[in-house]
Amino acid sequence: MKVNVLFFGILADKTGMFSLRVNNAVTLKDLISELEKRFPSISQKQTKYVVSRNQEIVRTNVNLDDGDEIALLPPFSGG
Amino acid sequence: MNPDNKYLVKGPIKIKTIIELISKHSINTNMGAHNIFLGQVRADFKSKSFQDKQSNVTSLIYSAYDEMAEKELSIINDESIQKFRLQSLHIFHSIGEVKAGEISLFVMTSSEHRENCFDSTKFIVEQVKKRVPIWKKEVYSDGSYRWIE
Numbered sequence: 001m002k003v004n005v006l007f008f009g010i011l012a013d014k015t016g017m018f019s020l021r022v023n024n025a026v027t028l029k030d031l032i033s034e035l036e037k038r039f040p041s042i043s044q045k046q047t048k049y050v051v052s053r054n055q056e057i058v059r060t061n062v063n064l065d066d067g068d069e070i071a072l073l074p075p076f077s078g079g
Numbered sequence: 080m081n082p083d084n085k086y087l088v089k090g091p092i093k094i095k096t097i098i099e100l101i102s103k104h105s106i107n108t109n110m111g112a113h114n115i116f117l118g119q120v121r122a123d124f125k126s127k128s129f130q131d132k133q134s135n136v137t138s139l140i141y142s143a144y145d146e147m148a149e150k151e152l153s154i155i156n157d158e159s160i161q162k163f164r165l166q167s168l169h170i171f172h173s174i175g176e177v178k179a180g181e182i183s184l185f186v187m188t189s190s191e192h193r194e195n196c197f198d199s200t201k202f203i204v205e206q207v208k209k210r211v212p213i214w215k216k217e218v219y220s221d222g223s224y225r226w227i228e
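Each protein sequence line maps, in turn, to chains A and B.
End of the first sequence sits at 79 in my numbering; the numbers just go up one at a time, nothing left out.
End of the second sequence sits at 228 in my numbering; the numbers just go up one at a time, nothing left out.
Please keep in mind that the hints were generated in silico from the structure rather than gathered at the bench.
Incorrect hints may appear among the rest.
In the DSS-like style, the derived pairs of lysine-lysine whose C-alpha atoms are separated by at most 30 Å in a straight line are [what the hints assert, rightly or not]:
id : chain 1 : residue 1 : chain 2 : residue 2
1  : B       : K208      : A       : K29
2  : B       : K150      : A       : K14
3  : B       : K216      : A       : K14
As the structure is a computational prediction, the values presented were derived from the model and not from experiment.
Isolated chain B, as found in the complex (with noise of 0.2 Å):
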């Protein structure tokens, strides 16, 4: 992965990550609101039907087009902070791979008053889901997988 990706990150988004942004923003004081997406791998179980059995989700694998993903990542990002006035925006996606339970997307949304955080959060999660180039995959069980459209 490129060291200098912004939005991209190796892995699982670690809570120490998380804890040390909201420790960060205490500073701006001219901040009211700030809201939080993560978006969680859940254990799906699930019926495969080539073996007509079921199966735990136990890990997403996501990959990317990097280069492009990280574009479009970046002017959701500023496309969002002027649409809604945010004062802060902090967006991650994971690549690789993501056990179940583990957080897989984190927006951050930052402004002077909650209705801009709120809005914009969903908004930012959904541009994310429709325009990134980023695909994943269903690990279950038994080590087989499937891709998800």
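Just chain A, with the same shape it has in the complex (with noise of 0.2 Å):
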């Protein structure tokens, strides 16, 4: 599946991008797992965040759909 990841916070800095184009997403976990071994530096080891997917948090394991935007979240400090 083609999928659209985005990056916020310190994690735009650590990949050094705000987005990235996947196109063979199968699943979520597959997805982070891709992702954390492209950029070692956010790996749930060190960087903590959450992930949503069309701007819901997800918790579980998911199946991606063609268009999916996935985004990865550092903890938020607004206000």
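Can you join these two chains into the complex? Each is in its own frame, and there are hints to help.
Now the structure itself:
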């Protein structure tokens, strides 16, 4: 599946990008695993973040659909 | 930034905007109280461990997952109006650079009675901080910055 991955906050600094197109994503778990291999500094052992799919936070593994927008969200610090 | 954003504002929240809102509500004579919270950027004097030297925070730079932030702010808005029986509610959060002394968060609650205003303002500020995908980094007087968690 073709998905768009967004990086926010410190994750954008660590990856050097705000967004990345991934063409062969199947499940969310596999996608995150691939991203952490590509960008070792964002591994969840080093950097805390939650994941959203189409702007809803997801905490379980799901199958991805074409056109999904996946975002990696560090702890919020607004206000 | 999306020009249709309702809650996210580019740069600091202007004092003129705040005055205009207060003025606008003077015709609503069914309101008995307004409460206003202003979140102001503080010029903290901080140690930066990598240099072991203290620097002033000169500004904060806010970034957001815009669409998700607007959605969540809208939910907080509607939930709060219902929960506290507010007659009016305004929430604005800055995106981009806000200098020390400038305002980055504005909440104005209006109700028939003051208790609803006091209680709702605190609730809303805490919900915004907890639930809205916004991030800030401190910029120091030497130009370096650090993400806040």
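Hint check results:
no. : hint           : result
1   : B:K208 x A:K29 : holds, 28 Å
2   : B:K150 x A:K14 : holds, 27 Å
3   : B:K216 x A:K14 : holds, 14 Å
The structure fails none of the hints (numbered hints given earlier).
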